[in-house]
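Enquirer: Protein sequence lines correspond, in order, to chains P and A. For reference, each letter of the first sequence is one residue, going 261 to 408 in the numbering used here. For reference, each letter of the second sequence is one residue, going 261 to 408 in the numbering used here.
Each hint should be verified, as a subset may be incorrect.
Since the list can't tell identical chains apart, any single copy or any two copies may satisfy a pair.
What the hints assert, rightly or not - For lysine-lysine, the following DSS-like pairs were computed, each having C-alpha atoms within a straight-line distance of at most 25 Å: (1) Lys311 with Lys287; (2) Lys382 with Lys275; (3) Lys374 with Lys307; (4) Lys374 with Lys311.
Hints are computed from structural coordinates only; laboratory data are not their basis. On a predicted model such as this, the values are computed, not experimentally measured, just so you know.
There are 2 protein chains.
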Amino acid sequence: MIQWFDDLTVGMRYKGGEAEVTRDDIKRFAAEFDPQPFHLDEAAAEKSMFKGLAASGWHTAAIAMRLAVALRPFGPHPLLGLAVDELRWLAPVRPGDVLRIEGEVVELTPSRTKPQGTARVKWTVYNQNDEPVLTFTPTVIVPRHPNS
Amino acid sequence: MIQWFDDLTVGMRYKGGEAEVTRDDIKRFAAEFDPQPFHLDEAAAEKSMFKGLAASGWHTAAIAMRLAVALRPFGPHPLLGLAVDELRWLAPVRPGDVLRIEGEVVELTPSRTKPQGTARVKWTVYNQNDEPVLTFTPTVIVPRHPNS
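Based on the sequences and whatever the hints tell you, model everything.
Expert: This is how it looks when you write it as structure tokens:
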């Protein structure tokens, strides 16, 4: 079971559950946080570069967080990113899309002074056609095993 | 008025409006996207490293998007980030905090082949005590003036 920094290895992979994105979800998130026409209104979205309603990128990122939290990648330790690098939106997320997440541990750095380490996990969100729609790489502090 | 890539200069600054973050907002966002105890429950949050209820970092980022969209930094052209780098959460966001946003154009790269350029704006979100709570740097494509 993964519980401590010491249990992680570079190349370790996570596979997460699924989340469906509805038309209502897309419009509700956009109305509150990203009120641009292509996230709010089908007719306006048809005329935009998206050629149809698409979720706000921040909405997709928030769904990714939910899927990552559910995976408990560090066991009982929280998923607290002080930093996220390289957020990349690769394809639009549409009403009815079913998203899933995969992660890979890409870097592990033990602290020299504290009983902890920093882990970087590259997460990729895929849609139901196995197209990647989002990647991002948070840096998270994970405690070391008490006996390490 | 800023309308086209050609109207932007490195060092140009934006100052945005304010958004209050309520206890209910924090819990509602967390319940949907980041259901960890320190974003959901006061008693659990007191015992966490946050020492009190704190907003999900993705919630703060979504509020930042709303404040940035309201600024219309590229005039009529949408705020469509294909990439965001260097998301950094610098301090917790608490119930009752009033956030505001400032931006600075840090990089401008005209396309060699298309009538557009890429603009990088570093955004900083401050709380009511002028403490920075979040910085992030999106890369956005902005069209060139038709006569450029």
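Enquirer: All hints are to be evaluated individually against the structure, with a verdict given for each.
Expert: The hints, checked one at a time:
1. For a Cα distance limit of 25 Å, the shortest separation of Lys311 from Lys287 inside one copy, 16 Å, qualifies, whereas the shortest one across copies, 34 Å, does not.
2. For the homomeric pair Lys382 and Lys275, the shortest alpha-carbon distance inside one copy (12 Å) is at most 25 Å, but the shortest distance between copies (33 Å) is not.
3. Taking the shortest alpha-carbon separations for Lys374 and Lys307, only the inter-copy value of 20 Å comes in at or below 25 Å, while the best intra-copy value is 54 Å.
4. For the homomeric pair Lys374 and Lys311, the shortest alpha-carbon distance between copies (20 Å) is at most 25 Å, but the shortest distance inside one copy (51 Å) is not.
When the structure is compared with the earlier hints, no violation turns up for any of them.
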